[in-house]
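S.K.: Please work from the sequences and hints to get the whole structure.
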Amino acid sequence: MSANRWLTTGNYFTSYQDEQRIFSTRLDKLIFIGFIVCLFAWPLLIKLSNRNMLVLDTILIAIVAVLGLNLLTGFAGLISIGHAAFVGVGAYTVASIIRLIGDDHVLVTHAWPLVIIVAGLVGAVVGAFVGLPALRLRHLYLLMATLSFQIIFQWIINFSTFFNQGQTISVGRVFWFTGKIVRKQHYVFWYYVILVAIVLLGLGVRNLLRTRYGRSLVAVRDNDRAADAMGMHPGLTKVYAFGLAGFLAGIAGALHAYLYRGVGFESFTLHHSIVYLAMAIVGGMGTLSGSFWGPAAIQFLELRVEDLAEKAGHYFPSNMNLSTALRPLTFGLVIVLFLMFEPRGIANWWRIVRSYVKLWPFRY
Amino acid sequence: MPLLTVSNVTLSFGGLNALSGVNMNINPGLITSVIGPNGAGKTSILNCISGFYHPTSGDIQFGEHKLSISSFSPHQVSNLGIARAFQNLELFSGLSVLDNLLLARHQNLNYNFLQAVFYFGKASRVEAENRAYVEEVIDFMELEPFRHQIVGNLAYGIQKRVEVARALTLAPQLLLLDEPMAGMNIEEKEDMVRFIVDIRQDRDVTVVLIEHDLGVVMDISDHIYVLDFGELIGAGTPDEVSQNPKVIEAYIGEE
Ligand SMILES: Nc1ncnc2c1ncn2[C@@H]1O[C@H](COP(=O)(O)OP(=O)(O)OP(=O)(O)O)[C@@H](O)[C@H]1O
Ligand SMILES: [Mg+2]
Numbered sequence: 300m301s302a303n304r305w306l307t308t309g310n311y312f313t314s315y316q317d318e319q320r321i322f323s324t325r326l327d328k329l330i331f332i333g334f335i336v337c338l339f340a341w342p343l344l345i346k347l348s349n350r351n352m353l354v355l356d357t358i359l360i361a362i363v364a365v366l367g368l369n370l371l372t373g374f375a376g377l378i379s380i381g382h383a384a385f386v387g388v389g390a391y392t393v394a395s396i397i398r399l400i401g402d403d404h405v406l407v408t409h410a411w412p413l414v415i416i417v418a419g420l421v422g423a424v425v426g427a428f429v430g431l432p433a434l435r436l437r438h439l440y441l442l443m444a445t446l447s448f449q450i451i452f453q454w455i456i457n458f459s460t461f462f463n464q465g466q467t468i469s470v471g472r473v474f475w476f477t478g479k480i481v482r483k484q485h486y487v488f489w490y491y492v493i494l495v496a497i498v499l500l501g502l503g504v505r506n507l508l509r510t511r512y513g514r515s516l517v518a519v520r521d522n523d524r525a526a527d528a529m530g531m532h533p534g535l536t537k538v539y540a541f542g543l544a545g546f547l548a549g550i551a552g553a554l555h556a557y558l559y560r561g562v563g564f565e566s567f568t569l570h571h572s573i574v575y576l577a578m579a580i581v582g583g584m585g586t587l588s589g590s591f592w593g594p595a596a597i598q599f600l601e602l603r604v605e606d607l608a609e610k611a612g613h614y615f616p617s618n619m620n621l622s623t624a625l626r627p628l629t630f631g632l633v634i635v636l637f638l639m640f641e642p643r644g645i646a647n648w649w650r651i652v653r654s655y656v657k658l659w660p661f662r663y
Numbered sequence: 539m540p541l542l543t544v545s546n547v548t549l550s551f552g553g554l555n556a557l558s559g560v561n562m563n564i565n566p567g568l569i570t571s572v573i574g575p576n577g578a579g580k581t582s583i584l585n586c587i588s589g590f591y592h593p594t595s596g597d598i599q600f601g602e603h604k605l606s607i608s609s610f611s612p613h614q615v616s617n618l619g620i621a622r623a624f625q626n627l628e629l630f631s632g633l634s635v636l637d638n639l640l641l642a643r644h645q646n647l648n649y650n651f652l653q654a655v656f657y658f659g660k661a662s663r664v665e666a667e668n669r670a671y672v673e674e675v676i677d678f679m680e681l682e683p684f685r686h687q688i689v690g691n692l693a694y695g696i697q698k699r700v701e702v703a704r705a706l707t708l709a710p711q712l713l714l715l716d717e718p719m720a721g722m723n724i725e726e727k728e729d730m731v732r733f734i735v736d737i738r739q740d741r742d743v744t745v746v747l748i749e750h751d752l753g754v755v756m757d758i759s760d761h762i763y764v765l766d767f768g769e770l771i772g773a774g775t776p777d778e779v780s781q782n783p784k785v786i787e788a789y790i791g792e793e
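First to last, the protein sequences are chains A and B. Position in the first sequence counted from 1, then plus 299, gives you my numbering. Position in the second sequence counted from 1, then plus 538, gives you my numbering.
Mixed in with the good hints, there may be bad ones.
What the hints assert, rightly or not - Stretch-level coverage of chain B by chain A, calculated; a stretch enters the list once three of its residues show a Cβ under 8 angstroms from a Cβ in chain A: (1) 605-613; (2) 622-630; (3) 633-647; (4) 652-661; (5) 665-678.
Claimed, not checked - For lysine to any residue, the following SDA-like pairs were computed, each having C-alpha atoms within a straight-line distance of at most 25 angstroms: (6) A:Lys328 x B:Ala666; (7) B:Lys660 x A:Gln316; (8) B:Lys660 x A:Tyr315; (9) B:Lys660 x A:Pro412; (10) B:Lys727 x B:Tyr789; (11) B:Lys660 x A:Asp402; (12) A:Lys328 x B:His686; (13) A:Lys328 x B:Lys604; (14) B:Lys660 x A:Arg325; (15) B:Lys660 x A:Leu508; (16) B:Lys727 x B:Asp760; (17) B:Lys660 x A:Asp317; (18) B:Lys660 x A:Gly513; (19) B:Lys660 x A:Arg320; (20) A:Lys328 x B:Arg663; (21) B:Lys660 x A:Ser323; (22) A:Lys328 x B:Phe658; (23) B:Lys660 x A:Phe312; (24) B:Lys660 x A:Leu499; (25) B:Lys660 x A:His532; (26) A:Lys328 x B:Arg669; (27) B:Lys604 x B:Gln645; (28) B:Lys660 x A:Arg509; (29) B:Lys660 x A:Leu535; (30) A:Lys328 x B:Val655; (31) A:Lys328 x B:Gln653.
Don't read these hints as lab results, they were simulated from the structure. Virtual Cβ for every residue (Gly too), placed ideally from N, Cα, C.
M.R.: Right, dumping it as structure tokens:
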């Protein structure tokens, strides 16, 4: 077990359990642990402004959401254009709890990890429910089901007084063992919470993917007749995929609610659903690492577009809102370009870099 | 007592009868072949048995208890111990040979969702046990060199073999093979014949074989059914069938 995957000699396993491991060598595991430690340690040394910290936190939340979308669309092959609504379900679960018991109830301020998990579970149930048409429908029809859900979701939020008609429902500050999390600590605190969530969820998903619960997703994507012949219920497997996506989206939504200290409908629109899809495509459908690259790349792009719009704004009449026009344009363009030239997403560049390192100094 | 009984099965698509009143008995431990010209209804009868089609009328019964399976879904049939290899490849083409075969162990991977998420002892152990089973089938079907290759990239003959291997990995009592040698060269065909004979002998699996190559069929079958235009025109041992005037007519009439 001294060989490693960065070298061309390859690995030799002595048991099937060895081969199952996520990290095939000790070096891989060390690199991974070192990386995680760095992620936890750097905020102690470097202080980012609240604004930059917020951007970072937003990316991390998007990673959680895209992890779910990637399982659904990349692995199980079921396209969803209602993912933001699933995220919204998580956020509005938090909001509902607050509407019912108030935002200073200990459940919300102290037992917030529980609230987040509950939001995930509600997301899973709603996800599975929306996925029920998968028992009967396929492809485009199923996509329409997710679109309808997006629209119904927005409609319900906007018209019900319980949800404040889409206006912000505020979320109180939470407590940690050290006391109340004040404004100064807020963004760093949630950075840690989201990071822990990502590590746990990421490992959980990675585990799932090497078991029947992950393989069955890919099976219904590749060939659902064959999946049926192998003893899987293709319809139920798809419903399960929706539930899984709903769970991760729900968690992301709850984190979003706590991070922004409020829930309003404008964060969960069709536009956001399309952005999630863009993240999944750009990152790399059907690869775990794609769920990490995608949100980072798209968020970066979004910031650049805003800068550009601001600069260009000086040369155009002020009644033209450039950034609203530029955004859908850039996203559309990026999705199309990736689908045309790199359908395997950024994750594929990562793969290429790795295989290059592995063969170095030989060309091939 | 037959392992599988097909009684009076009729299957119609609109006005066309793909099968009309077909009766078959599949006896345990034997190789039973189904032959007939193109469009005779061979794949249709397999589809009825494996749950992809439901007979318009008639019944199909399986096992000691004569369980009626004619309204079952494919996954229910599969879980009873009836496996099938498709005529047109229906593999998980984006996955490796290993993953294709592991998918056939789906029902035997009896850990629950939480154990899978945490990859607890049981999940890991059961995965390893089933991996061992898959490896045994890989050995048996001589697929060792292709274990980690993506199925979609393999040569056609090898994909056909993976198709049979995957059905075998389900550990079935009854194996339905739909033209497993179609499009193969002589050498590959000989290998496949050897595999089929071994499957019956060493693994104690009952085989139903659809095949156009009459030489092969006469060689390895214990019993033969002959279909033409959805009707059974002959049945019996290879000798009986080859002397049946109706069968001779159907085959010569075809040429
Ligand atoms: N889904 C379907 N819809 C309509 N007709 C069908 C369908 N499936 C099969 N048929 C018809 O049923 C008849 C029997 O087809 P089947 O596929 O069973 O033939 P086969 O004996 O397997 O032929 P081959 O040797 O070419 O594989 C054909 O006339 C075919 O057109
Ligand atoms: Mg056929």
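S.K.: The structure should be examined with respect to each hint, and the outcome stated for every one.
M.R.: The hints, checked one at a time:
no., hint, result
1, 605-613, "holds (count 3)"
2, 622-630, "holds (count 5)"
3, 633-647, "holds (count 9)"
4, 652-661, "holds (count 5)"
5, 665-678, "holds (count 5)"
6, A:Lys328 x B:Ala666, "holds (21 angstroms)"
7, B:Lys660 x A:Gln316, "holds (12 angstroms)"
8, B:Lys660 x A:Tyr315, "holds (14 angstroms)"
9, B:Lys660 x A:Pro412, "violated (28 angstroms)"
10, B:Lys727 x B:Tyr789, "holds (22 angstroms)"
11, B:Lys660 x A:Asp402, "violated (42 angstroms)"
12, A:Lys328 x B:His686, "holds (23 angstroms)"
13, A:Lys328 x B:Lys604, "violated (54 angstroms)"
14, B:Lys660 x A:Arg325, "holds (23 angstroms)"
15, B:Lys660 x A:Leu508, "holds (16 angstroms)"
16, B:Lys727 x B:Asp760, "holds (19 angstroms)"
17, B:Lys660 x A:Asp317, "holds (15 angstroms)"
18, B:Lys660 x A:Gly513, "holds (16 angstroms)"
19, B:Lys660 x A:Arg320, "holds (14 angstroms)"
20, A:Lys328 x B:Arg663, "holds (21 angstroms)"
21, B:Lys660 x A:Ser323, "holds (20 angstroms)"
22, A:Lys328 x B:Phe658, "holds (18 angstroms)"
23, B:Lys660 x A:Phe312, "holds (20 angstroms)"
24, B:Lys660 x A:Leu499, "holds (20 angstroms)"
25, B:Lys660 x A:His532, "holds (23 angstroms)"
26, A:Lys328 x B:Arg669, "holds (24 angstroms)"
27, B:Lys604 x B:Gln645, "holds (23 angstroms)"
28, B:Lys660 x A:Arg509, "holds (14 angstroms)"
29, B:Lys660 x A:Leu535, "holds (24 angstroms)"
30, A:Lys328 x B:Val655, "holds (19 angstroms)"
31, A:Lys328 x B:Gln653, "holds (22 angstroms)"
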